[in-house]
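Trainee: Here the protein sequences come in this chain order: A, B, C and D. Following my numbering, the numbering of the first sequence begins with 1 at its first residue and continues without gaps. Following my numbering, the numbering of the second sequence begins with 165 at its first residue and continues without gaps. Following my numbering, the numbering of the third sequence begins with 329 at its first residue and continues without gaps. Following my numbering, the numbering of the fourth sequence begins with 493 at its first residue and continues without gaps.
Hints are not guaranteed to be accurate.
[Stated by the list, open to error] List time: in silico SDA-like cross-link candidates among lysine to any residue, alpha-carbon distance up to 25 Å:
{"hint": "1", "chain 1": "B", "residue 1": "K190", "chain 2": "D", "residue 2": "G651"}
{"hint": "2", "chain 1": "C", "residue 1": "K354", "chain 2": "B", "residue 2": "D247"}
{"hint": "3", "chain 1": "B", "residue 1": "K190", "chain 2": "C", "residue 2": "E360"}
{"hint": "4", "chain 1": "D", "residue 1": "K646", "chain 2": "B", "residue 2": "E182"}
{"hint": "5", "chain 1": "B", "residue 1": "K318", "chain 2": "D", "residue 2": "E510"}
{"hint": "6", "chain 1": "C", "residue 1": "K482", "chain 2": "D", "residue 2": "S591"}
{"hint": "7", "chain 1": "B", "residue 1": "K190", "chain 2": "D", "residue 2": "T512"}
{"hint": "8", "chain 1": "D", "residue 1": "K518", "chain 2": "B", "residue 2": "E196"}
{"hint": "9", "chain 1": "A", "residue 1": "K26", "chain 2": "C", "residue 2": "R484"}
{"hint": "10", "chain 1": "B", "residue 1": "K266", "chain 2": "B", "residue 2": "T221"}
{"hint": "11", "chain 1": "A", "residue 1": "K26", "chain 2": "C", "residue 2": "S350"}
{"hint": "12", "chain 1": "B", "residue 1": "K190", "chain 2": "D", "residue 2": "P494"}
{"hint": "13", "chain 1": "A", "residue 1": "K154", "chain 2": "A", "residue 2": "C68"}
{"hint": "14", "chain 1": "D", "residue 1": "K518", "chain 2": "A", "residue 2": "R35"}
{"hint": "15", "chain 1": "B", "residue 1": "K318", "chain 2": "A", "residue 2": "C68"}
Hints in this document: simulated from the structure, not taken from any laboratory. Predicted model only: the values in this text are computed from it and were never measured.
4 protein chains.
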Amino acid sequence: MPIRIFVTGGTFDKEYNELTGSLFFKDTHLPEMLRLGRCRLDVSIGTLMMLDSLEMTDADRALIVERCRVEAETRILITHGTDTMVETARVLSEAFPASGHKTIVLTGAMVPYAFGSSDGLFNLGSALSFVQVLPPGVYIAMNGKYFPSGRVRKNRETGVFEEF
Amino acid sequence: MPIRIFVTGGTFDKEYNELTGSLFFKDTHLPEMLRLGRCRLDVSIGTLMMLDSLEMTDADRALIVERCRVEAETRILITHGTDTMVETARVLSEAFPASGHKTIVLTGAMVPYAFGSSDGLFNLGSALSFVQVLPPGVYIAMNGKYFPSGRVRKNRETGVFEEF
Amino acid sequence: MPIRIFVTGGTFDKEYNELTGSLFFKDTHLPEMLRLGRCRLDVSIGTLMMLDSLEMTDADRALIVERCRVEAETRILITHGTDTMVETARVLSEAFPASGHKTIVLTGAMVPYAFGSSDGLFNLGSALSFVQVLPPGVYIAMNGKYFPSGRVRKNRETGVFEEF
Amino acid sequence: MPIRIFVTGGTFDKEYNELTGSLFFKDTHLPEMLRLGRCRLDVSIGTLMMLDSLEMTDADRALIVERCRVEAETRILITHGTDTMVETARVLSEAFPASGHKTIVLTGAMVPYAFGSSDGLFNLGSALSFVQVLPPGVYIAMNGKYFPSGRVRKNRETGVFEEF
Chain A
1 MPIRIFVTGG TFDKEYNELT GSLFFKDTHL PEMLRLGRCR LDVSIGTLMM LDSLEMTDAD
61 RALIVERCRV EAETRILITH GTDTMVETAR VLSEAFPASG HKTIVLTGAM VPYAFGSSDG
121 LFNLGSALSF VQVLPPGVYI AMNGKYFPSG RVRKNRETGV FEEF
Chain B
165 MPIRIFVTGG TFDKEYNELT GSLFFKDTHL PEMLRLGRCR LDVSIGTLMM LDSLEMTDAD
225 RALIVERCRV EAETRILITH GTDTMVETAR VLSEAFPASG HKTIVLTGAM VPYAFGSSDG
285 LFNLGSALSF VQVLPPGVYI AMNGKYFPSG RVRKNRETGV FEEF
Chain C
329 MPIRIFVTGG TFDKEYNELT GSLFFKDTHL PEMLRLGRCR LDVSIGTLMM LDSLEMTDAD
389 RALIVERCRV EAETRILITH GTDTMVETAR VLSEAFPASG HKTIVLTGAM VPYAFGSSDG
449 LFNLGSALSF VQVLPPGVYI AMNGKYFPSG RVRKNRETGV FEEF
Chain D
493 MPIRIFVTGG TFDKEYNELT GSLFFKDTHL PEMLRLGRCR LDVSIGTLMM LDSLEMTDAD
553 RALIVERCRV EAETRILITH GTDTMVETAR VLSEAFPASG HKTIVLTGAM VPYAFGSSDG
613 LFNLGSALSF VQVLPPGVYI AMNGKYFPSG RVRKNRETGV FEEF
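Isolated chain A (complex conformation) (with noise of 0.2 Å):
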């Protein structure tokens, strides 16, 4: 089954900048960390922005639900920061209902992937798990669980999503 990969930015794709020693995005890691985990499903991956998500605006969530309505995969997953991934998903899913036929799962990363000892590798693993079998819909795959849209919020004093 061909599933869609979006990435929008996030911690996930965060890089040291060593001469002014700070954060910056330059390319995805998605590709590099697809092979580490030995990954053999049928992915396409697309850059549709590379954006802290606390920068993220109305029409930057519009062109992501935009490209998940053309785009022919009825599974999909989006990288996103943490900080308003539960937004984002709150817009998708008005736009892809559970009576719908899109599954959409978003995940992302406390950790950079490049700072060596990353949840990204863990989520992403099971956020590719989860968009392959939950029914149409919209959800957030973070801390080896999966919740539904409008039933999650991150906790900010410990950096969990929890349900509500």
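With chain A fixed as given, assemble chains B, C and D onto it according to the hints.
Mentor: Relative to the frame of chain A, chains B, C and D by itself:
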């Protein structure tokens, strides 16, 4: 939903002995890997054995079946060497048919977790996700995919699991 | 030969705060790095401060000079941020001339050790070696080279230390 | 000052074959390690052989001596398996005495670089530093120390190099 994890060894958990230059087993890395993945699932881990799967006997497999039977959890993940994972899945599927009430997922790794660039973290995220949502039966989760027992083999030339 | 190591902070020891997405200091990684390097030298480690070297004041530098003076060891290694390492070396060289009896080597890193692919481990091995064999005086050890204080600058375009 | 590096194999450069689960040699990691260490020394690298040092013959050692003799550089670093490093150093010291004009340093690793937490990067930084400043003669650089040839052995219980 509580998930039981059984550790049986395999490449997943191999270490490098720097005095002899050979690979060996010490303790499982599962707790560390779950911590790294920021996993918040309700899991309990039990080490059944620490074997290269080429050395696994019928008695070992009988023990795995027995332990899957006696535990209360209906969702069970087994880490296993890839060489005979298909064989153990076959034995398990006789005891736990699709008409039963237990979902059992086997996974493993091609590269030891201790060697840095492992597929183990990706596979663990994947297998933990599949075990939550797949219907009762026995499955192998490798290469980002899941395979119902009895319809999968390991291609020894490529190291990849394939449906047949 | 006993070697004294003074930790002052710098990129070497920066950590990633996964809740805020920013870099900060916690504890030094020196003991772990020495263990990783299978180092068997007779070293004692003292943390003087944990600073980004851009924030280091004259008072901080006076403290470093004082601590180098009072310790009995004649071989001293100082880990330091690269941005003002040259400045601290200059201050130290006034107190510890080539005609004295103390060999002091400053080193640092361009990438935090905690971010996996650091130059810190290489630089630590290098600086610990130079400090054992160089004659009295103050030196910077970076990029595999050693530079006597007063004849070195950091090229801010390339991040490389150069003799002049 | 130009430095010649000769690669002879050893744990330093071992890889993990994920199809067979065994260790083997492919290409040397030296260029990547020098890049990681931000090394800016004037080095040229030549691979003489790729051997587990237990398999190194008298002919192999004669070749190493010969190559050290014909190269113009007076500073030479040799990467070597730790098991017979002491033996090769002894052979070299007959050809390159302290009264000569060549400084030769042998180093190696207890853990393969490819396995993540290697001592190789630390040892490489150390050996490259010693080779620049030690007087003519043959040395082993391990565990952060340097040992003149003929006064060092590897303790096989602890994996540590010791003076005697």
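Trainee: Are the hints correct? Go through all of them and say.
Mentor: Against the structure, the hints:
A C-alpha spacing of about 19 Å is found between K190 of chain B and G651 of chain D, which places the hinted pair at or below 25 Å, so the restraint holds. Note on K354 of chain C and D247 of chain B: the hinted pairing is violated, with a Cα-Cα distance of about 43 Å set against a maximum of 25 Å. Among the hinted pairs, K190 of chain B with E360 of chain C is consistent with the structure: their alpha-carbon atoms are about 21 Å apart, no more than 25 Å. In summary, the hint linking K646 of chain D to E182 of chain B is supported, as the alpha carbons are separated by about 13 Å, within the 25 Å threshold.
A C-alpha spacing of about 13 Å is found between K318 of chain B and E510 of chain D, which places the hinted pair at or below 25 Å, so the restraint holds. Between K482 of chain C and S591 of chain D the alpha-carbon distance is near 38 Å, which puts this suggested pair outside the 25 Å criterion. Restraint check for K190 of chain B and T512 of chain D: the C-alpha separation of about 20 Å stays at or below 25 Å, so the hint holds. Pair hint K518 of chain D plus E196 of chain B does not hold up; C-alpha atoms about 30 Å apart against a cutoff of 25 Å.
Taken as a hint, the K26 of chain A and R484 of chain C pair is honoured in the structure, with Cα atoms around 21 Å apart against an allowance of 25 Å. With a C-alpha separation of about 23 Å, the suggested pairing of K266 of chain B with T221 of chain B holds against the 25 Å cut-off. Pair hint K26 of chain A plus S350 of chain C holds up; C-alpha atoms about 18 Å apart against a cutoff of 25 Å. Using a Cα cut-off of 25 Å, the hinted pair K190 of chain B and P494 of chain D is violated, with the two alpha carbons roughly 44 Å apart.
Proposed proximity of K154 of chain A and C68 of chain A is supported: the alpha carbons are some 24 Å apart, at most 25 Å. Restraint check for K518 of chain D and R35 of chain A: satisfied, since their Cα atoms lie roughly 19 Å apart, inside the 25 Å limit. As the CA atoms of K318 of chain B and C68 of chain A are separated by approximately 34 Å, the hinted pair breaks the 25 Å bound.
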